[in-house]
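Dock chain B against the given chain A, drawing on the hints supplied.
Chains as they are written, first to last, in numbering that gives the first Met the number 0: chain A, 0 to 324; chain B, 0 to 324.
To be clear, the hints were calculated from the coordinates, so they are not data collected in a lab.
There may be inaccurate statements among the hints.
Chain copies aren't distinguished; within one or between two, either way the pair holds.
Straight-line Cα separation of at most 20 Å, SDA-like style, residue types lysine to any residue; simulated pairs [what the hints assert, rightly or not]:
id : residue 1 : residue 2
1  : K220      : A254
2  : K87       : N168
3  : K105      : I31
4  : K220      : S59
Number of protein chains: 2
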Amino acid sequence: MPTIADIDAAALRLQGHVRRTPLLSSPFLDEIAGRRVFVKAECLQHTGSFKFRGAWSAVSALDPALRAKGVIAFSSGNHAQGVALAAKQHGIPAVIVMPADAPRLKIANTHAFGAEVVLYDRATEDRDAIGAHLASERGLTLIKPFDNEMVIAGQATAGLEISEQAAENGVTDADVLVCCGGGGLTSGIALALDARSPNLRARPVEPAGFDDVTRSLLSGKAERNTSLSGSLCDAIITPTPGQITLPIMQHHCGAGIVVTDEEALRAIALAWLRLKIVLEPGGAVSLAAALFHGEQITSRDVICVVSGGNVDPDIFIRALATLAE
Amino acid sequence: MPTIADIDAAALRLQGHVRRTPLLSSPFLDEIAGRRVFVKAECLQHTGSFKFRGAWSAVSALDPALRAKGVIAFSSGNHAQGVALAAKQHGIPAVIVMPADAPRLKIANTHAFGAEVVLYDRATEDRDAIGAHLASERGLTLIKPFDNEMVIAGQATAGLEISEQAAENGVTDADVLVCCGGGGLTSGIALALDARSPNLRARPVEPAGFDDVTRSLLSGKAERNTSLSGSLCDAIITPTPGQITLPIMQHHCGAGIVVTDEEALRAIALAWLRLKIVLEPGGAVSLAAALFHGEQITSRDVICVVSGGNVDPDIFIRALATLAE
Numbered sequence: 000m001p002t003i004a005d006i007d008a009a010a011l012r013l014q015g016h017v018r019r020t021p022l023l024s025s026p027f028l029d030e031i032a033g034r035r036v037f038v039k040a041e042c043l044q045h046t047g048s049f050k051f052r053g054a055w056s057a058v059s060a061l062d063p064a065l066r067a068k069g070v071i072a073f074s075s076g077n078h079a080q081g082v083a084l085a086a087k088q089h090g091i092p093a094v095i096v097m098p099a100d101a102p103r104l105k106i107a108n109t110h111a112f113g114a115e116v117v118l119y120d121r122a123t124e125d126r127d128a129i130g131a132h133l134a135s136e137r138g139l140t141l142i143k144p145f146d147n148e149m150v151i152a153g154q155a156t157a158g159l160e161i162s163e164q165a166a167e168n169g170v171t172d173a174d175v176l177v178c179c180g181g182g183g184l185t186s187g188i189a190l191a192l193d194a195r196s197p198n199l200r201a202r203p204v205e206p207a208g209f210d211d212v213t214r215s216l217l218s219g220k221a222e223r224n225t226s227l228s229g230s231l232c233d234a235i236i237t238p239t240p241g242q243i244t245l246p247i248m249q250h251h252c253g254a255g256i257v258v259t260d261e262e263a264l265r266a267i268a269l270a271w272l273r274l275k276i277v278l279e280p281g282g283a284v285s286l287a288a289a290l291f292h293g294e295q296i297t298s299r300d301v302i303c304v305v306s307g308g309n310v311d312p313d314i315f316i317r318a319l320a321t322l323a324e
Numbered sequence: 000m001p002t003i004a005d006i007d008a009a010a011l012r013l014q015g016h017v018r019r020t021p022l023l024s025s026p027f028l029d030e031i032a033g034r035r036v037f038v039k040a041e042c043l044q045h046t047g048s049f050k051f052r053g054a055w056s057a058v059s060a061l062d063p064a065l066r067a068k069g070v071i072a073f074s075s076g077n078h079a080q081g082v083a084l085a086a087k088q089h090g091i092p093a094v095i096v097m098p099a100d101a102p103r104l105k106i107a108n109t110h111a112f113g114a115e116v117v118l119y120d121r122a123t124e125d126r127d128a129i130g131a132h133l134a135s136e137r138g139l140t141l142i143k144p145f146d147n148e149m150v151i152a153g154q155a156t157a158g159l160e161i162s163e164q165a166a167e168n169g170v171t172d173a174d175v176l177v178c179c180g181g182g183g184l185t186s187g188i189a190l191a192l193d194a195r196s197p198n199l200r201a202r203p204v205e206p207a208g209f210d211d212v213t214r215s216l217l218s219g220k221a222e223r224n225t226s227l228s229g230s231l232c233d234a235i236i237t238p239t240p241g242q243i244t245l246p247i248m249q250h251h252c253g254a255g256i257v258v259t260d261e262e263a264l265r266a267i268a269l270a271w272l273r274l275k276i277v278l279e280p281g282g283a284v285s286l287a288a289a290l291f292h293g294e295q296i297t298s299r300d301v302i303c304v305v306s307g308g309n310v311d312p313d314i315f316i317r318a319l320a321t322l323a324e
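Bound conformation, chain A alone (with noise of 0.2 Å):
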């Protein structure tokens, strides 16, 4: 488990390559919500969500003669797109191994930033067995998503800035919101919190049929999802917790909200309306559990990480359909 002296590290390595991003809040948002909502906007972060603290952070933890030997990640979404750009600034190989059919727009923007992206058939071919033989062949050296020390203290960083700037905006008691995949982020920040600002907590927000983390919360144990695919969210959907992140959210969080597609989307119109800020539907299920779920928020205040903003056109049309319902 990183330690906060891990956090703080991370932090040093992060400084003058990853975005400090604001803290926003609209009056039209708090009065939805019954209470004062503040947003941290990693949307705006480097390549469009989080992920790229977390693969900043390991990339630059490796050893340097390792490192220049490149890195390699499994990935049709933000991790691979912070993988990449981790690395192209590092100035080493990335290997990212996608599926062929994950959106052109994804693969374009991770050969955009340097990857070499390598396809493989989701029906046919073993990708894990694709990237063991990548790895050993050229000496890669695998970044996970989210069960990586350095990846978690690389996203705890988002949780150092939620402590200060909670501060300068006098929020003293608040619940703190992570859109949660496989953990890294939620992980993260509840550790930053934990140490900083324990009156601020951490509480995981998942799609409703993919709410693994919110019930092994429940029930003490790593719960897994009966599906991997059917929800808007895509960004956050993971079989089970991680094995690294579920000990520190079962320790360090409180519990998890659950909220529909629907209320993604509705959240995602009113970013758009009142915060000016763009969100796929997988980084806005903080904010709507914020303004859908209060009853479930208990603190004065409720402080949102909407956590990326990698959208298609067609999805972000109808999210904001819903402002005419």
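The following block gives chain B in isolation, referenced to the frame of chain A:
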């Protein structure tokens, strides 16, 4: 003409009330522009536009006894919301005189920010007479949208931030493109940069057909637009440059750049895709100039002040459609 001391004093009054907006960037935008592009995201300012800076500056600079009687403004747009919120946070009354056919959302927002909205019929009523009557009856102080030294000093605080953020990003030579209506933001930023970063040059950007400032800078006298409607960039359509702002721009600005509505829509779409921010057409013309009129820019880097994000969904959806072209 406001001095740098006036601007520094405005910055002190604004501290803790106005958001320090981020300077964003994306390698994808750099590639389109052929140079590094930095985007000062004033759409993330309170009320969704830079106007809150000038409004706060003007309201906070009033003599307290006079201020307590309240303020009045004529505006159907971003200035209305800025003045309404600044007045509300000072605990004083605000009257906003708006045309009865203004967009319902803007009327509702101005109400929600606590202002008294007085509607008038554009065809049959005289806005100035209504305003003058109300002002004298109640002792209200008129806050003009740009021809007001304290408003200009407030907008100039965006220039102070740009000066600091440019240095943080290693920018030593850049044109600073500013969306320009009456010239309050452009002239304010020009004054701040001239005092603090003379290597950064402010330049106004206007929509085609409404390029009164660009033509005025060329001819040396105040030129007028022949029309006052027919552009998507409603936020920056004014008949002629301000009497205070034009001389400032003549002394401190580089040549203007003119963009089409279609280019503004494409800039909105690219800001959505690459920066995850929401722009209105009038707030996107500076970015459009950097992306599509690079031949008129000779500096190594370029900084675009994107000034607002209060846009209707239908226009935004039209902008997103340009991504498929």
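Each hint tested on the structure:
no.: 1; hint: K220 <-> A254; result: within (14 Å within a copy, 66 Å between copies)
no.: 2; hint: K87 <-> N168; result: between (36 Å within a copy, 18 Å between copies)
no.: 3; hint: K105 <-> I31; result: between (34 Å within a copy, 18 Å between copies)
no.: 4; hint: K220 <-> S59; result: neither (33 Å within a copy, 56 Å between copies)
When the structure is compared with the earlier hints, a violation turns up for hint 4 alone.
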